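Participant: The lines below spell out each chain.
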Amino acid sequence: MENFFSILFSLSLFYVAITFRVKAYVSVLRFQGILLALLLILPFIFKFSIYAIILPLTIVLIKVILIPNYINKIILDLDIKRKIDPTIQQLTFLIIVIASVIIIFLLTSIISNNIELNVIPFASGFSAIVVGIYLIIFRKKLIIHVCGFLILENGIFLISTAIASELPMMIELGILLDVFVVVFLMGIALNRISDTFEGFEVSHLRRLKD
Amino acid sequence: MNILLDNDTSLLIFGFLIQFTSIFFIFLKKNKSAVFFSNTINIIGLAFSLFISIKFLFTSNGNTFPLFYNFVKIDTLSLFFLFLIQLISIPTSIYIFSYLKHYIDEKRNVRSFMLFFILLIISSQMIVIANHAILFLICWEMMSMTGFLGMLLEYEKNEVQKGSFYYFAASHVIVFILYIMFFILHKLTGSWFFDEYQKNLQIIYPVTIFLLGFLGFGIKAGFIPFHFWLPQAHPIAPTVLSAFLSGVIIKLGIYGIFRTYLFLKPLPEWVGWLVIIISLVSAIFGVWYALAQHDIKKLLAYHSVENIGIIGIGFGLGLIGAANNSLPVQILGFGGALLHTLNHAIFKSLLFIGSGVIYQNLGTRNIEEMGGIVHRAKYLSIFFLIGSIAISGLPPFNGFISEFIIYVGFFKTANELKNYYPILMLLFAVGLALVGGLAVACFTKVNSIIFLGTARKEIKKFVINIYDYISLGLLSSLCIIIGFFPTPFVYLIGKIIKYDFVNYSYRSVLETIEWNNFSFIFISFSSLATIIFFIKKYFNKKYSSRKIEAWGCGYNNITPRMQYTASSFADELNEIPKSILLYHKKIDLSENVFPKSFHFESHSEDLVDSKVVIPFYNNLRNILDKIQFLSQTDIRYYIGFILITIFIYSLLSFIWN
Numbered sequence: 001m002e003n004f005f006s007i008l009f010s011l012s013l014f015y016v017a018i019t020f021r022v023k024a025y026v027s028v029l030r031f032q033g034i035l036l037a038l039l040l041i042l043p044f045i046f047k048f049s050i051y052a053i054i055l056p057l058t059i060v061l062i063k064v065i066l067i068p069n070y071i072n073k074i075i076l077d078l079d080i081k082r083k084i085d086p087t088i089q090q091l092t093f094l095i096i097v098i099a100s101v102i103i104i105f106l107l108t109s110i111i112s113n114n115i116e117l118n119v120i121p122f123a124s125g126f127s128a129i130v131v132g133i134y135l136i137i138f139r140k141k142l143i144i145h146v147c148g149f150l151i152l153e154n155g156i157f158l159i160s161t162a163i164a165s166e167l168p169m170m171i172e173l174g175i176l177l178d179v180f181v182v183v184f185l186m187g188i189a190l191n192r193i194s195d196t197f198e199g200f201e202v203s204h205l206r207r208l209k210d
Numbered sequence: 001m002n003i004l005l006d007n008d009t010s011l012l013i014f015g016f017l018i019q020f021t022s023i024f025f026i027f028l029k030k031n032k033s034a035v036f037f038s039n040t041i042n043i044i045g046l047a048f049s050l051f052i053s054i055k056f057l058f059t060s061n062g063n064t065f066p067l068f069y070n071f072v073k074i075d076t077l078s079l080f081f082l083f084l085i086q087l088i089s090i091p092t093s094i095y096i097f098s099y100l101k102h103y104i105d106e107k108r109n110v111r112s113f114m115l116f117f118i119l120l121i122i123s124s125q126m127i128v129i130a131n132h133a134i135l136f137l138i139c140w141e142m143m144s145m146t147g148f149l150g151m152l153l154e155y156e157k158n159e160v161q162k163g164s165f166y167y168f169a170a171s172h173v174i175v176f177i178l179y180i181m182f183f184i185l186h187k188l189t190g191s192w193f194f195d196e197y198q199k200n201l202q203i204i205y206p207v208t209i210f211l212l213g214f215l216g217f218g219i220k221a222g223f224i225p226f227h228f229w230l231p232q233a234h235p236i237a238p239t240v241l242s243a244f245l246s247g248v249i250i251k252l253g254i255y256g257i258f259r260t261y262l263f264l265k266p267l268p269e270w271v272g273w274l275v276i277i278i279s280l281v282s283a284i285f286g287v288w289y290a291l292a293q294h295d296i297k298k299l300l301a302y303h304s305v306e307n308i309g310i311i312g313i314g315f316g317l318g319l320i321g322a323a324n325n326s327l328p329v330q331i332l333g334f335g336g337a338l339l340h341t342l343n344h345a346i347f348k349s350l351l352f353i354g355s356g357v358i359y360q361n362l363g364t365r366n367i368e369e370m371g372g373i374v375h376r377a378k379y380l381s382i383f384f385l386i387g388s389i390a391i392s393g394l395p396p397f398n399g400f401i402s403e404f405i406i407y408v409g410f411f412k413t414a415n416e417l418k419n420y421y422p423i424l425m426l427l428f429a430v431g432l433a434l435v436g437g438l439a440v441a442c443f444t445k446v447n448s449i450i451f452l453g454t455a456r457k458e459i460k461k462f463v464i465n466i467y468d469y470i471s472l473g474l475l476s477s478l479c480i481i482i483g484f485f486p487t488p489f490v491y492l493i494g495k496i497i498k499y500d501f502v503n504y505s506y507r508s509v510l511e512t513i514e515w516n517n518f519s520f521i522f523i524s525f526s527s528l529a530t531i532i533f534f535i536k537k538y539f540n541k542k543y544s545s546r547k548i549e550a551w552g553c554g555y556n557n558i559t560p561r562m563q564y565t566a567s568s569f570a571d572e573l574n575e576i577p578k579s580i581l582l583y584h585k586k587i588d589l590s591e592n593v594f595p596k597s598f599h600f601e602s603h604s605e606d607l608v609d610s611k612v613v614i615p616f617y618n619n620l621r622n623i624l625d626k627i628q629f630l631s632q633t634d635i636r637y638y639i640g641f642i643l644i645t646i647f648i649y650s651l652l653s654f655i656w657n
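Chain order of the listed sequences is D and X.
When you line the first sequence up against our numbering, it's residues 1 to 210, in that order.
When you line the second sequence up against our numbering, it's residues 1 to 657, in that order.
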């Protein structure tokens with residue numbers, strides 16, 4: 001079951017790689033949030049406890065509801081155009097992503113001979129990290145950078161579930177809070193930048209160099 | 001714990017406190033009063049401390065005084081260097097009164113200079129009494145940095161920026177090496193305290209540690225090939241500071257080398273040979289480079305390299321003696337080195353202050369533009385001459401005494417350790433004699449061009465302050481005292497060696513040399529010379545004397561340009577090691593029968609500086625320029641680099657497994 005969700009997670013990465021719409025990114029984020037929450041609930045299905053449900057609920061609250069809504073609000077408020085501005089062709093990007101994912105899966109399966117880990121969740125998480133960085137590198141729009149960062153963070157989350165099934169809850173909550181604050185700050189920064197510059201592209205930020 | 005152990009140590013601390021107090025006077029409102037009061041208080045503190053350390057030194061019986069939880073410990077070697085620092089600091093501080101006058105009128109930031117100078121004196125005293133590696137390193141760093149900041153008095157000059165940067169870079173390299181050395185020592189002994197290192201006989205790899213220490217402290221001391229920063233930094237420093245740097249700071253390098261030796265006492269013999277060969281090269285080429293210079297302060301800086309070489313020869317001789325368990329060789333080697341350290345500190349600061357007085361009046365450091373100063377400042381030329389004779393190692397002044405001890409050391413080594421030693425020692429003795437000869441040539445050049453002849457540059461008035469006379473007089477009287485009455489100083493040196501280096505009970509070779517005969521011979525010869533001088537004066541008065549232009553040779557329309565020049569004097573000698581000195585001449589000869597203008601220029605560059613250091617930095621710079629493209633303005637590139645780094649790391653870890 002874990003593997004199933006992880007594979008769905010990886011597939012959402014491919015979708016991110018080819019989509020042209022900004023809104024699609026937000027829905028992918030929502031989807032991934034739901035997947036992560038499900039992954040966390042899974043081990044506790046038959047031994048229900050109130051503590052086991054706190055973390056998934058928080059994830060749902062933050063990753064599925066608060067952050068995507070906030071990003072949507074920014075998109076509406078700042079009137080960001082709905083098409084993304086890729087710097088390379090979408091097909092090339094897809095090929096790069098697929099190649100990376102394949103390599104990561106292969107490597108992970110080799111590593112798993114020596115170290116005990118769940119291959120598919122680990123590899124999916126790792127791919128998410130790499131794809132998140134790719135998004136930041138190959139996209140111009142700042143809002144996409146925020147999404148890339150969030151996908152990266154989701155990947156880290158997934159890896160943590162793959163390596164140690166139970167991280168201390170407080171740490172997970174702390175990470176969530178961090179992410180939320182970061183997104184919030186980015187939103188504020190975006191608002192500010194939109195006041196100063198015309199567009200929302202990173203290339204404008206060159207002028208901010210010291 | 002009661003810090004005030006007894007009266008004497010509390011007096012020592014009191015002396016330090018007076019010196020510290022002088023810092024507060026820097027914040028007085030007017031520049032002039034700030035300099036005056038802080039300097040006066042500092043001199044009082046120094047004199048007080050000097051008095052205490054002399055008392056300690058002469059009454060010491062090998063006791064050490066641990067203070068402040070053993071962080072500070074004063075043994076005989078520390079006391080000797082403490083004495084040296086305070087002895088040199090006093091005349092240089094007195095010279096400040098006259099030196100800074102000019103800068104106060106210019107409304108320069110003299111207060112910060114005073115602050116850095118006082119801190120420099122205090123931190124260099126702290127270095128020699130520190131007993132804890134970290135305290136030592138902190139003081140060392142403080143000493144280097146205050147020296148650097150003090151150098152920047154005339155910061156807007158291009159040469160000052162360049163020269164002080166050399167000093168800065170060299171200091172950092174030194175501190176880096178010293179950190180490595182002390183960390184290794186700490187790892188091996190598990191302690192930070194120097195006396196623990198000294199007691200610990202099981203230090204492994206002593207040679208490696210000693211070579212590290214010799215490298216680090218040797219850069220500070222200025223052995224060739226680590227000397228390159230010295231002729232760059234000393235000329236541009238304010239004269240007070242260059243006198244102090246040359247007199248004291250580079251001696252701290254020597255102190256460090258001695259200290260390192262005491263940590264790792266039994267060293268193999270080849271280390272001694274290595275040290276002695278490096279030192280001989282430093283001595284010979286130091287003086288040869290000096291001969292090729294036109295800048296008086298640069299010349300003196302190269303002479304520091306030479307004298308450090310002589311000190312190193314003594315030290316190396318001591319090492320050889322220690323490796324062969326020969327007591328007299330050790331005593332003569334280390335003793336000569338220690339005494340020459342003191343002597344060099346004295347006459348080098350004397351010469352630097354003298355050159356500073358000349359620079360203040362003429363506004364140039366170029367020897368070729370000076371001349372005829374003896375007619376304007378008789379006593380200055382006498383003081384300078386005393387310093388010159390002393391630095392050349394000629395009797396009857398102090399340089400002779402220490403070099404004589406080293407010569408005796410050579411012959412004693414040949415005598416004690418038969419085998420192949422006599423021939424090698426003979427070679428070294430000849431090398432040292434060559435150094436002495438070249439030094440004589442160099443200072444003949446300096447004295448004759450600067451002081452004799454007629455003035456090449458027109459100046460209104462040659463001003464010498466009472467302060468100049470006091471500081472020059474103090475230093476030259478020290479030269480005379482040590483030269484004429486070496487007995488107490490030799491006794492002192494013997495004591496240091498007895499308590500810190502090798503233990504012996506009977507009279508050592510140092511004391512068996514009949515020093516009183518020296519005093520007798522010197523006094524009788526100098527009194528003879530004085531009598532002849534007065535007889536000559538009497539006859540001159542009686543029969544009258546004739547005064548004509550210098551270098552006149554019967555020609556009437558003589559101009560200052562017709563005099564013999566420094567470069568012509570040194571040319572013959574500089575031609576010999578032409579390729580090492582990078583000595584080149586440029587002569588413009590017109591082809592006409594009646595040429596309108598001649599032009600002649602001779603020039604020497606430092607081999608290490610221009611062939612090793614500068615090319616190295618240029619290459620480094622080129623490489624750094626090539627990877628400059630990595631510094632992009634777009635954040636996405638940086639994230640890409642991060643990704644690549646992650647990839648490389650994971651690949652490496654993968655391969656590792």
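If you're looking for bench data, these hints aren't it; they were derived computationally from the structure.
If you're wondering where the values come from, they're calculated on a predicted model, not measured in any experiment.
From the three backbone atoms N, C-alpha and C, an ideal C-beta is built for every residue, glycine too.
One should not assume that every hint holds.
[Claimed, not checked] Here are the in silico distance ranges between beta carbons for each label pair:
| hint | chain 1 | residue 1 | chain 2 | residue 2 | range |
| --- | --- | --- | --- | --- | --- |
| 1 | D | Phe46 | X | Phe629 | 57 to 65 Å |
| 2 | D | Leu185 | X | Tyr649 | 26 to 34 Å |
| 3 | D | Asn113 | X | Lys265 | 54 to 62 Å |
| 4 | X | Lys626 | D | Lys81 | 39 to 47 Å |
| 5 | D | Asn113 | X | Tyr179 | 38 to 46 Å |
[Said to hold, decoys possible] Calculated Cβ distances over 10 Å to all of chain D for the following chain X residues:
| hint | residue |
| --- | --- |
| 6 | Leu362 |
| 7 | Asn503 |
| 8 | Glu601 |
| 9 | Leu643 |
Participant: With reference to the structure, classify each hint as holding or not holding.
Facilitator: Do the hints match the structure? See the list:
Taken as a hint, the range 57 to 65 Å holds for the pair Phe46(D) and Phe629(X), whose Cβ atoms sit roughly 58 Å apart. Remark: the range hint 26 to 34 Å for Leu185(D) to Tyr649(X) is upheld by a beta-carbon distance near 29 Å. The beta-carbon spacing between Asn113(D) and Lys265(X), approximately 56 Å, falls within the hinted interval of 54 to 62 Å. A C-beta distance of roughly 40 Å is found between Lys626(X) and Lys81(D), which places it inside the suggested range of 39 to 47 Å.
The hinted range of 38 to 46 Å is satisfied by Asn113(D) and Tyr179(X), whose Cβ atoms lie roughly 44 Å apart. Look at Leu362(X): its CB is around 47 Å from the nearest CB on chain D, clear of 10 Å, so calling it non-interface holds up. Taking the minimum C-beta to C-beta distance to chain D, about 62 Å, the non-interface status of Asn503(X) holds against the 10 Å cut. Interface exclusion of Glu601(X) from chain D stands, the closest Cβ pair being 47 Å apart, more than 10 Å.
In this structure Leu643(X) is not separated from chain D by more than 10 Å, as the shortest Cβ-Cβ distance comes to only about 5 Å.
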